[in-house]
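In order, the protein sequences belong to chains A and B. Numbering (my numbering) for the first sequence: 82 to 503. Numbering (my numbering) for the second sequence: 27 to 218.
The hints are simulated quantities; they were obtained by calculation from the structure and are not laboratory data. As the structure is a computational prediction, the values presented were derived from the model and not from experiment. There is no bait here: all hints are sound.
Here chain B is said to cover these stretches of chain A; the calculated rule only asks that three of the stretch's residues, wherever they fall, bring their Cβ under 8 Å from a Cβ of chain B:
1) 213-220
2) 292-303
3) 347-354
Note that CB positions come from ideal geometry on N, CA and C, so glycine has one too.
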Amino acid sequence: MNSKKSPDSKQPTDSTKASRRKFLATGAAAAALGAAKAATGQAPAAETKSLKDLIAYGERSHYVTSIRVPVDERPSPDEFGMTFHVLTPLQDTVGIITPSSLHFIGTHRGSIVPDIDPKQHRLLIHGMVDRPLEFSVDDLKHFPSVSRIHFIECLGNHSKADDKTVQETHGLTSCSEWTGVLVSTLLKECGVQKDASWVVSEGAEEVKGAGSIRLAKAMDDCIVAYGQNGEPIRPQQGFPLRLVVPGFEGMYNTKWLRRMKVTDRYYMTYNDYGHIAKDEEVAALTFQWGPKSVITFPSGGQKLPGPGVYQLTGLAWSGGGVVRRVEVSPDGGQTWKDAEIRGMVHPKAHTRFGMDWKWDGRECVLQSRCTDELGQVQPSRAELAAFFKVAPDYYKAHGVQGSDNTIQPWRVASDGSVHNAI
Amino acid sequence: MRFSVRLSALILCTCGAAMAQSPTYGVGRTPTAEEIRAADITISPDGKNLPPGKGTAKEGEQIFAQKCAACHGENGSGGLAPMLIKPETPVKNPAPCLAPCIGPGNVMALHAPYATVMWDFINRGMPFAQEGSLKPDEVYALTAFLLYKNGVIQENEVLDQNSLPQVKMPNRDGAAIPDWKPGMPRPFPAKH
Chain A
82 MNSKKSPDSK
92 QPTDSTKASR
102 RKFLATGAAA
112 AALGAAKAAT
122 GQAPAAETKS
132 LKDLIAYGER
142 SHYVTSIRVP
152 VDERPSPDEF
162 GMTFHVLTPL
172 QDTVGIITPS
182 SLHFIGTHRG
192 SIVPDIDPKQ
202 HRLLIHGMVD
212 RPLEFSVDDL
222 KHFPSVSRIH
232 FIECLGNHSK
242 ADDKTVQETH
252 GLTSCSEWTG
262 VLVSTLLKEC
272 GVQKDASWVV
282 SEGAEEVKGA
292 GSIRLAKAMD
302 DCIVAYGQNG
312 EPIRPQQGFP
322 LRLVVPGFEG
332 MYNTKWLRRM
342 KVTDRYYMTY
352 NDYGHIAKDE
362 EVAALTFQWG
372 PKSVITFPSG
382 GQKLPGPGVY
392 QLTGLAWSGG
402 GVVRRVEVSP
412 DGGQTWKDAE
422 IRGMVHPKAH
432 TRFGMDWKWD
442 GRECVLQSRC
452 TDELGQVQPS
462 RAELAAFFKV
472 APDYYKAHGV
482 QGSDNTIQPW
492 RVASDGSVHN
502 AI
Chain B
27 MRFSVRLSAL
37 ILCTCGAAMA
47 QSPTYGVGRT
57 PTAEEIRAAD
67 ITISPDGKNL
77 PPGKGTAKEG
87 EQIFAQKCAA
97 CHGENGSGGL
107 APMLIKPETP
117 VKNPAPCLAP
127 CIGPGNVMAL
137 HAPYATVMWD
147 FINRGMPFAQ
157 EGSLKPDEVY
167 ALTAFLLYKN
177 GVIQENEVLD
187 QNSLPQVKMP
197 NRDGAAIPDW
207 KPGMPRPFPA
217 KH
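Construct all of the structure, not just a fragment, from the sequences and the given hints.
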C-alpha cells in the first residue's frame, strides 16, 4: 500500500515546493493550520522536567534515545498538523511488548490526532441489531473485560531493497496488551439479527476512517479496547476506544472508535480500498496476516565488532494464531536450525526467539522462518513468485501481492556490517 | 429482576431466532431513530440510506475548483493529495502516497466498485480541514463531476439517491469478497 521510500520524498523538487507554497496560500490551508493547532493543543515539550514531575510520571533514562521515524521521511506532524505513518524501532526492543510511546502509527490519508474528552465520547452500535445501543466509556467497564496480547501490523509493512534497517523494513508492526470488552459481548447485548454478516466500524477523527470486517471475525476475538499496556490507550493509538481485530491488517483496527454498524454486506468503504482485488486469492491475502518473522539482531545498519559468539534474536508472529516454530538459516536458506522461543507465546502476538550464533568472520546471509499453529510456513519471495507465476525477481520492481510476510535476509559482510539482502 | 429477564428470554426464544438474544447487562442508552439517522453516514452500496439531493458534473466542476483543486490539482492530478481524475498523459504525484495509495491505476471513479464509495468518502472526509461541511447536493455534484471526467457517466446526467447507486462502475466486478472463518489458513502458503 504505502511505499516506504520514494526518491521524491528525500529531496523535495521545485514543483513540490511551489505546490506547497500554493497550497499554503489558500484559505483552506490556513484554516487547516488553525484547526490543527486547536486540535492538537500540545505545548512544546519542556527541555527538562522537575524531579517532582518525573516521580509523578516516570520517563526513560536520558541515555536511552531509541525513537520512531517517519515512513518516507515524510515529517509527522507536517506543516498542517497531520500525522502520517511512523515506524517502530524494532532493532531496539526487547521481549514482546512494544512500549506505547514507540508503537507504530498509521493513519488514513494523514490525520490530525483528535483530542477527545472520554466523558463526552460515545460508541454507537446499530444496524442489523434488535436493540441499538450507545455506550459511554464507563458503560463499557460494566461488561466483563479481557486483556490480551496482540500485534497490529499495517498492510504497508513490506521490505524494499533500499530500506536499510529493520525499522524501515518491518517497523509498521507493534505488539501491546489490549484491555477492553469482546465485541461479541457487546453484539450479544444488542442482539444481532440472523441475516447480518458484516460490521462496518468508524472512528471519530476528521476523516472518520471506516473499515469492514466479517461478522464471523467480530464475534470470534475482536475487542473494543480502552486499555493498552496497563493504562488508557494513548491518543495516537485511538484514545479513548480502539477496535482491535487480532491478526488482521492494521487498517481494520479502527482508532477513536465511535460507531459500529452491523450490515448484511461488504460496504467497501474508502479505507477498504487497499483490499479491493479482482483475484479472490489476492484479496484474501490482505485480511489475515500469514506467519512472519524477522531477525532484529544482527540486522541492517548494525555492525559486529568481530568474530565471536553472539545472541541472535528476533520476533515472529502470525495472524493465524500461535507461533509453533522459528528456524534460522545462516547460509541464505540452504540449511535451517530451530531457534529457541524466549518468552511468552500468545496467539496473534509477537513472539521472541533467539539462539547462540557463532560468527566466523566470513560473509553470510542470515534469515528466519516462522511456522504457525495452522501449519502455515513463512514463504520466501521466490516461493511467492512461483505461487503467483511471476519471474523469481519480480518483486525487485513490484510490490508483494496482499500483505508481505516473506522471509527477510540480512547479509553480514566480512567487516561485520549488516545489510538488507531482500 | 434477573429471574424475570431470564423468563422473558425463554419466552422470546420460542418466538424466533432473531429475538433469541436478550440483554444481559442492561447497560447503555437507547438512541432515537433520528439520532441513528444523523450518525449513520456509512452509505450502503445499494444506496438505501443516501440522503435526498441531486447534482450534475457542471455544478460539480465549480465546487471542485473552489474546494478541491488546491490539494488535488486543477485537473484532478499532480497535486499533493490523491489523484482524482486519470490524466491522459502520466503526471507524477509530487508527494509520497497516502494510505490508501491512489495513482492512475486506482482513482476512485475507476477503481471503486460502487459509486456510493465515492459519495461516502467525499461526504465524510472532505474537503481538507472542513470535513463533513459539504451539503448533499454538493456531494452528488462532485461525485458526478469525477465520474464524468473519468468517462464513467455523461456530462448531463443527474445523480441523486436513486440514480447514483445505479451507475455502472467500471470496476463493479473487480472486487472479490473472500470468505473468512476462524482458524482458516491463508490461500498462500499452502499448508505443509
